[in-house]
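A.B. asks: Sequence:
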Amino acid sequence: DVGNPYVANIPVDGDYDFDVFKRVFFSTNGLVKLFSLDYTALASSFQIENPEVFDTGYATFKIKNTGSKDLTISAVRINDESYEFDLGKGINTRILNASDNDLVWVDIKSSGQSFQTDDVVKITVEAESVALDNNPYIFTNSTNNFFVEEAREGDIKINRPNSKVVQVDAANSEIYLEVENTGDTTVILKDFYADNENNTFVNKHYISGSPILNPGQKAYVKITDSLIPFDPLGTEHKIGVITPNNIKDELLFTSNYEDFKISIVEKVELFHLKL
175 DVGNPYVANI PVDGDYDFDV FKRVFFSTNG LVKLFSLDYT ALASSFQIEN
225 PEVFDTGYAT FKIKNTGSKD LTISAVRIND ESYEFDLGKG INTRILNASD
275 NDLVWVDIKS SGQSFQTDDV VKITVEAESV ALDNNPYIFT NSTNNFFVEE
325 AREGDIKINR PNSKVVQVDA ANSEIYLEVE NTGDTTVILK DFYADNENNT
375 FVNKHYISGS PILNPGQKAY VKITDSLIPF DPLGTEHKIG VITPNNIKDE
425 LLFTSNYEDF KISIVEKVEL FHLKL
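First residue of the sequence shown: 175, per our numbering; consecutive thereafter.
Calculated directly from the structure, the hints in this document are not laboratory data. Incorrect hints may appear among the rest.
Claimed, not checked - List of simulated lysine-lysine pairs, DSBU-like, C-alpha gap at most 35 angstroms:
#, residue 1, residue 2
1, Lys331, Lys422
2, Lys412, Lys296
3, Lys236, Lys283
4, Lys296, Lys378
Said to hold, decoys possible - Label-pair restraints from in silico Cβ distances:
#, residue 1, residue 2, range
5, Val342, Glu223, 35 to 43 angstroms
6, Asn308, Lys392, 34 to 42 angstroms
7, Ser242, Thr409, 48 to 56 angstroms
8, Lys412, Thr356, 16 to 24 angstroms
9, Asp292, Lys412, 38 to 46 angstroms
10, Leu211, Pro335, 53 to 61 angstroms
11, Ser256, Asp307, 25 to 33 angstroms
12, Pro389, Ala344, 40 to 48 angstroms
13, Thr356, Glu324, 17 to 25 angstroms
14, Ser242, Glu424, 39 to 47 angstroms
15, Phe320, Leu211, 31 to 39 angstroms
The model shown is predicted, which means the values in this text are computed figures rather than measured ones. For glycine and all other residues, C-beta sits at the position ideal for the given N, C-alpha and C.
Required output: the full structure, derived from the provided sequences and hints.
C.D. replies: This is how it looks when you write it as structure tokens:
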């Protein structure tokens with residue numbers, strides 16, 4: 175330590191800031207010291223896997239909770255600059271449950287910042303867990319340095335056979351969509367809309383999957399705040415989904431009542447017998 179004696183590192187009154195040992199009681203002369211043990215620091219950890227930063231203004235990576243405590247992901251920084259981000263399964267809470275994993279999408283473009291191919295970057299993630307005293311334990315993990323890549327082609331598709339519009343009553347309908355990532359790169363489903371991109375739905379529930387999809391992954395989404403009337407039956411509307419990079423797909427839909435069936439009755443010939 176630059177040649178300083180060890181006593182130079184002793185804090186005032188010997189009040190060290192430990193991660194595991196928490197001060198409970200110090201006697202007046204400091205001869206008696208009592209500590210409690212808080213294993214939060216030992217039980218809180220995560221890994222960053224498959225980090226990628228692209229020259230079109232976004233980054234993706236997988237985050238894995240390798241500890242036994244739930245974590246809240248509080249910040250994502252690239253080269254020490256903070257950016258807006260979304261989790262897939264934890265999109266509304268940013269919580270990563272113990273032993274679980276999730277996908278992370280980082281929005282670089284909206285900040286006005288950009289990276290060029292072969293720029294050197296490093297991703298740092300900040301997480302919080304709850305310590306023994308109910309205070310947050312905040313810690314970080316970082317990737318090694320790596321190069322920015324040229325963005326790969328993305329594509330998404332609404333799978334018609336597994337999508338439908340259900341007419342609940344004359345005024346209300348529910349939309350069910352299966353969306354598949356058919357491209358070569360991770361995508362995030364930003365908005366679902368009716369007829370045009372400005373007419374977006376608000377109430378979306380992911381029955382399976384999440385808004386962030388790796389290539390080949392699917393999400394099944396239920397939309398309950400239908401902005402447009404599908405009544406009477408046979409009325410058509412265009413339903414679409416779009417990503418922040420303007421990758422989109424649209425299909426025309428009509429509605430039907432749940433479990434609606436058409437029965438065909440065979441023609442019956444009637445014979446009148448004359449007596």
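A.B. asks: Are the hints correct? Go through all of them and say.
C.D. replies: Do the hints match the structure? See the list:
1. Lys331 to Lys422: holds, 8 angstroms
2. Lys412 to Lys296: violated, 42 angstroms
3. Lys236 to Lys283: Holds, at roughly 20 angstroms.
4. Lys296 to Lys378: holds, 33 angstroms
5. Val342 to Glu223: 35 to 43 angstroms: Roughly 42 angstroms apart at Cβ, these two residues keep to the hinted range, so it holds.
6. Asn308 to Lys392: 34 to 42 angstroms: holds, 40 angstroms
7. Ser242 to Thr409: 48 to 56 angstroms: Holds: the Cβ-Cβ distance is about 53 angstroms, inside 48 to 56 angstroms.
8. Lys412 to Thr356: 16 to 24 angstroms: holds, 20 angstroms
9. Asp292 to Lys412: 38 to 46 angstroms: Once the Cβ atoms are compared, 41 angstroms apart, the range 38 to 46 angstroms for Lys412 and Asp292 holds.
10. Leu211 to Pro335: 53 to 61 angstroms: Between Leu211 and Pro335, where Cβ atoms are some 57 angstroms apart, the hint holds.
11. Ser256 to Asp307: 25 to 33 angstroms: The hinted range 25 to 33 angstroms holds for Ser256 and Asp307, with Cβ atoms some 27 angstroms apart.
12. Pro389 to Ala344: 40 to 48 angstroms: 41 angstroms Cβ-Cβ, so the 40 to 48 angstroms window holds.
13. Thr356 to Glu324: 17 to 25 angstroms: holds, 20 angstroms
14. Ser242 to Glu424: 39 to 47 angstroms: holds, 45 angstroms
15. Phe320 to Leu211: 31 to 39 angstroms: Holds, at about 38 angstroms.
Of the numbered hints listed earlier, the single one contradicted by the structure is hint 2.
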